[in-house]
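My request is simple: use the sequences and hints to build the entire structure.
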Amino acid sequence: DIQMTQSPSSLSASAGDRVTIACRASHSISSYLNWYQQKPGKAPKLLIYAASSLQSEVPSRFSGSGSGTDFTLTISSLQPEDFATYYCQQSYSPPLTFGGGTKVEIK
Amino acid sequence: QVQLQESGPGLVKPSETLSLTCTVSGDSISRYYWNWIRQPPGKGLEWIGHIYYSGSTNYNPSLKSRVTISIDTSKTHFSLKLNSVTAADTAVYYCARQSSAWGMDYFYYWGQGTLVTVSS
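From first to last, the protein sequence lines stand for chains A and B. Going by this note's numbering, the first residue of the first sequence is number 1, and it counts up by one from there. Going by this note's numbering, the first residue of the second sequence is number 1, and it counts up by one from there.
Mixed in with the good hints there might be a few duds.
Unchecked claim - Straight-line C-alpha distance at most 27 Å; calculated DSSO-like pairs for lysine-lysine:
no. : chain 1 : residue 1 : chain 2 : residue 2
1   : B       : 64        : B       : 43
2   : A       : 107       : B       : 43
3   : B       : 81        : A       : 103
4   : B       : 81        : A       : 42
5   : B       : 43        : A       : 45
6   : A       : 107       : A       : 45
7   : A       : 42        : B       : 13
8   : A       : 42        : A       : 107
9   : A       : 42        : B       : 43
10  : A       : 103       : B       : 43
11  : A       : 45        : A       : 103
12  : A       : 45        : B       : 81
13  : A       : 107       : A       : 39
14  : A       : 39        : A       : 103
What the hints assert, rightly or not - Residues on chain B that point at chain A, a partial pick, calculated with CB under 7 Å:
no. : residue
15  : 60
16  : 105
17  : 113
Please keep in mind that the hints were generated in silico from the structure rather than gathered at the bench. Remember, it's a predicted structure, so these values are computed and weren't measured experimentally. Yeah, the Cβ is synthetic: ideal placement off N, Cα and C, and Gly gets one too.
This is how it looks when you write it as C-alpha cells:
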C-alpha cells in the first residue's frame with residue numbers, strides 16, 4: 001500500500017495568511033494526487049486534482065504543486081471560509097489512500 | 001446534476017452485517033467506478049473499495065475478507081456489505097463517484113454520508 005503522510009496535522013493561522021500543507025507519499029505516485037477540503041458534518045470537497053489542476057469553481061487562492069513523492073497545497077491568502085480540514089489522496093494504485101488530514105484553525 | 005444518496009440502518013449489532021445502498025441520480029451508473037469510503041468519528045478517511053459498472057471490484061486489503069460491493073442489474077444503485085462488524089466499524093460511510101482526467105482519478109461527487117454505529 002502507498003502511505004500518505006501529511007504535515008502538519010494542525011495549524012493555527014489568521015485570515016490573510018499564506019498557508020502551506022505538505023503531503024508525502026511512501027512511493028512515487030507521479031502526479032496522481034488530489035486535495036480535498038472537509039468541513040464538520042460535510043462530505044469532502046475536491047479542490048485540486050492531478051497534483052496541480054484547480055477544480056472549477058474553486059477559488060484561485062488555492063494551488064497545488066509537486067510530483068513523485070512530495071506535494072504541497074497552498075492557500076495564498078486564508079479566508080474565513082477556509083478554516084477546515086484538508087486531506088491529500090493518491091489515485092496511483094489501489095488501495096486508494098488518504099493522508100491523515102491537516103486541520104486549519106483560527107489563530 | 002449528479003446526486004448520490006446513502007441509505008441503510010444507522011445501528012448494527014456487533015458480529016452482524018452492515019448493509020448500505022447508494023442511489024445514483026442525474027447520471028448513468030454504467031460508466032464509472034463507484035466507491036465506498038468511511039470516516040470514524042473524529043478521524044480520517046479510509047477507502048473501502050469500488051466497483052465498475054461491469055461488476056469488477058477492488059477492495060482495501062485491510063477489509064477485503066469482510067467486504068462485498070455489488071451493483072444492481074437496473075444500474076441505478078450500488079451496495080456495500082461489511083460482515084462481522086465491531087465497534088471499530090462505527091463511522092460515517094460515504095459513497096462517491098470516481099471521475100478521471102488524463103487517466104488520473106479523483107472523487108468529485110460524494111453522497112452526504114450516513115453514520116453507522118455498531119453497538120448492542
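Comparing the hints with the structure gives:
1. B/64 x B/43: Measuring from Cα to Cα gives roughly 21 Å; hence the hint holds.
2. A/107 x B/43: Roughly 22 Å between the alpha carbons, so the hint for residue 107 of chain A and residue 43 of chain B holds.
3. B/81 x A/103: Outside the cut-off at roughly 31 Å; violated.
4. B/81 x A/42: 23 Å, holds
5. B/43 x A/45: Holds, at roughly 17 Å.
6. A/107 x A/45: OK: residue 107 of chain A and residue 45 of chain A at ~23 Å, within 27 Å.
7. A/42 x B/13: 26 Å, holds
8. A/42 x A/107: 23 Å, holds
9. A/42 x B/43: 14 Å, holds
10. A/103 x B/43: 11 Å, holds
11. A/45 x A/103: The given pair, whose Cα atoms are some 15 Å apart, holds under the 27 Å limit.
12. A/45 x B/81: 25 Å, holds
13. A/107 x A/39: Since the Cα atoms of residue 107 of chain A and residue 39 of chain A sit roughly 17 Å apart, the hinted pair holds (cutoff 27 Å).
14. A/39 x A/103: Holds, because 10 Å separates the two Cα atoms, which is no more than 27 Å.
15. 60: 4 Å, holds
16. 105: Holds - the Cβ of residue 105 of chain B comes within 7 Å of chain A, reaching about 4 Å at its closest.
17. 113: Because about 6 Å separates residue 113 of chain B from the closest Cβ in chain A, which is inside the 7 Å limit, the hint holds.
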